[in-house]
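Student: Here is what each chain is made of, one letter per residue.
Number of protein chains: 2
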Amino acid sequence: MPHILLLDSTLRDGAQGEDISFSLQDKLNIAHTLDDFGIDFIEAGIPGANPKDLLFFQHAAKSSFSHAKICAFGSTRHKGIRPEQDEFLNLMLAAETSHVVIFGKAWLLHVDKIIKATPEENLDMIADTIQFLKDRGRTVLFDAEHFFDGYADNPDYALKTIQTALAAGAHSVTLCDTNGGSTPTFVRQTTEAVFQSIGKESAIGIHCHNDIGCAVANSMLAVEAGATLVQGTFSGYGERCGNTDLSVLIPNLILKKKCTCNIPRLQDLFNVATKLAEISNIAIPGTKPYIGKSAFAHKGGMHIDGVTKLTASFEHISPETIGNHRRFLTSEVSGRSTLLAKMKPFAPQFTKDSPEISLIVEKLKEMEFQGYQFEAADASLELLIRRTLGWHHPHFQLILYKTTGEYPAPNASEPTSAMIQIKVEDTTEITAALGNGPVNALDLALRKALHVFYPCLEDVQLIDYKVRVIDSDAATAAKVRVLIESTDGFHSWTTVGVSTDIIEASWLALQDSIEYKLDVLK
Amino acid sequence: MPHILLLDSTLRDGAQGEDISFSLQDKLNIAHTLDDFGIDFIEAGIPGANPKDLLFFQHAAKSSFSHAKICAFGSTRHKGIRPEQDEFLNLMLAAETSHVVIFGKAWLLHVDKIIKATPEENLDMIADTIQFLKDRGRTVLFDAEHFFDGYADNPDYALKTIQTALAAGAHSVTLCDTNGGSTPTFVRQTTEAVFQSIGKESAIGIHCHNDIGCAVANSMLAVEAGATLVQGTFSGYGERCGNTDLSVLIPNLILKKKCTCNIPRLQDLFNVATKLAEISNIAIPGTKPYIGKSAFAHKGGMHIDGVTKLTASFEHISPETIGNHRRFLTSEVSGRSTLLAKMKPFAPQFTKDSPEISLIVEKLKEMEFQGYQFEAADASLELLIRRTLGWHHPHFQLILYKTTGEYPAPNASEPTSAMIQIKVEDTTEITAALGNGPVNALDLALRKALHVFYPCLEDVQLIDYKVRVIDSDAATAAKVRVLIESTDGFHSWTTVGVSTDIIEASWLALQDSIEYKLDVLK
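Protein sequence lines correspond, in order, to chains A and B.
For the first sequence, the positions run -3 to 518 when the working numbering is used.
For the second sequence, the positions run -3 to 518 when the working numbering is used.
Wrong hints could be hidden among the right ones.
Note that identical chains are pooled: a pair holds if it fits in a single copy or bridges any two copies.
[Said to hold, decoys possible] In silico EDC-like links for lysine to aspartate or glutamate, alpha-carbon gap of 16 Å or less:
hint	residue 1	residue 2
1	K289	E402
2	K156	E117
3	K295	E14
4	K75	D349
Calculated from the structure, these hints are not laboratory results.
Take these sequences, add in the hints, and give me the full structure.
Tutor: See below:
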């Protein structure tokens, strides 16, 4: 099977999913995570439609990506004007990406009823938009929107749209099942017909939606028919039922269809998907293929017996292949090799059989049972390991804190106050601060109290704060998991805290954040 | 396309899913719901393995089902004994069902390593188990476990197992992808090869698992190759990543492949799936094809514009076909048509040109600029509209609240306290509560204070609480958006609050939640 290029649209199509809302910092984190994993193209937003997206491109231009091409996304020019008069195309140029993705209409129904153009006008719009962008140095990936519905309706016209795009110099043409209703056999046969019409050597992509639950299968069948570019999102986020889930499609292509991709470490899949889910603040469903917590969990007695005798008896692959782990639902077991991989940068001397590793695994299990998750909180994981190894000595000790919030606020801009007393060696320090909430006030008071002892904390600030209810049955009385991302201007790190009390959970994450700076980053 | 029989295994394979645990009453409710919907065979449990399952069969025998055949499930007899000596087979007979499902091994690896039998012994076990049950009046459906892995390993032997079952008088033979790792093309080609080997007239079924996200597609391809029985669960529950999701496969077969099934009212699908999910106490993921809340939800501006002009432009079917409904998600990229669509159920008298609509749009823009998002907060949106129209009069007024949190906590299980004073007409009420955080304490105190005036609030409780930092540059000093989901046992509704102070943001969402119950739900 061939070499497959991967386009991720989490930041564009994924952002159209219900419950998804990315901040600028989220977008940058996602782009770097995808780049590290080996994604080839990152479709990052619509500069023409959304000023926030334009801001992302300005930041991305200053950032360095090791492999991925950042792509701006937009449509063919508007009807009745020249490309250079099109405000959206000019904003797309202002995004200053080397690659752009342009979508155009391939279904006459849309040409006629939605953009109200003639079939010829639409072809002109495709041709001169691509030409315009190529003339300005852009590599243009063309998305034939609604291609499969268009082909079912009028195959000649649908083919004409992609021939036009290729003739105008598009890098590749992607066949889109925009409404997500095309069946596997129809997708395979149509993709085969496309290659018969345009020749085997053309670069054809596939972009599916999951409205009938077949996005992954449809993408695989298009690849079997000759497509060499696949589009999707992590972990299937997108409009309505979502896009092709790359967290499932990528291992399917590599492990089941023996394709090659530019993914150096497939065993990072689980961590990458988990990190992206945490950034998106969307829980991964337990039954998600490959990356769900239940994906390699065995409950039935006959299954547990079989797996104990021979793992292949009820597992289609070994979970370590993609970084997940096997669980027997009667007794939890967690993964040593993942742990060793995590420890390599700072504690490379341990092996699977080191007694220290057993201790850490025990501790991790206990914490996970309490509701901790460390996939997106590397700094807290490293501290947990250091504490268990006896390598970490706390730089300060909390004696007490008190927070108060009131309405009407005595001070409108800082309605909450925190008082804190800490101890560093034999010296205690007590101080207080006002803030915009109990956690903000506590953060300010803590750093104020520690400043006397550790002036380097002056540069540390929190850049993101996320709260997730773990057991949603009990709502505000349930356990909460707080993630805090901090920076000192050079590094950024994430810590986690869990408690039934949101202030305590925040405190635990805050404490880890400061300890990590003092102990690890110095 | 042919007539397809449906076997649901929610009560057997579904019960092996993590987080699934059915009571006897749950099982009976599920069986009757499936029967009413038109399912042909209900695989209801393993009398041999589970005494609770035997109890179910005793109750089911006294119950009347209008269409479905209740099936007991079990394996071929144990090695080295006669069927009449097999305790499990005798318990299966004791279940007194007219139909039984027997699974046997089709993969030599399992024959050799798991049940440790010779290839011939295994064929004998298949043949005489089926014969034994047929002699006692049972109709026997045979499941060829691991058929696809077995066929990949040794096609001749795998085919021999199903030929043996058919020769022994099995009603049908189902090809199982037990480990869920088979690809669509392999499933289609293998099913075609089965028909070539055993003849076109045999009754062949398909049973898939979703470990590579292809269970639905694989089942469709097997049907195209000639299978006439499909097995699955609602809504895909099962071991590991789950079984074929019948809530997706059934509409695919009927609407996309033009098969017939014994389903009199496909438009009941949404309600049936929702009811089964409630009995199972598992939330349906929003993005679930056909039945998820987002399945026909439109967020992107271009999509909303398209659907408003012509629903087929971004919907593969009309949502009413399966009983779901269209939703327009309100977001900054969308406009008046979305708003009017939202207002239709409670304020149908307005049009695009009504001056009230301009007022509401202005107000929405102002709120969105402050950081509000109403996509997931329908109840707050309706209150905003009612307030702007002058239709809403507050049921209570906040005079003051004070929250305190402290460490070490004076009361470990409820470390936070809130004091609140409210006014209803001319009466003020002051009270306090302890909680697991300031918001929990405030929620409890508010409902305690209001209980005197509005006893109906007793049934209201919060079921989810989510916090999101909006502008991540300033971290804990940034604005936060709080989403609260509430229920009164009949309805659930979501409200939103935004503030730089997390307690105030929570308060705003809490206030809307209570006002929505009092004003709209009454």
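Student: In ascending order, which of the hints set out earlier in this document are inconsistent with the structure?
Tutor: The structure breaks hints 1, 4; every other hint is satisfied.
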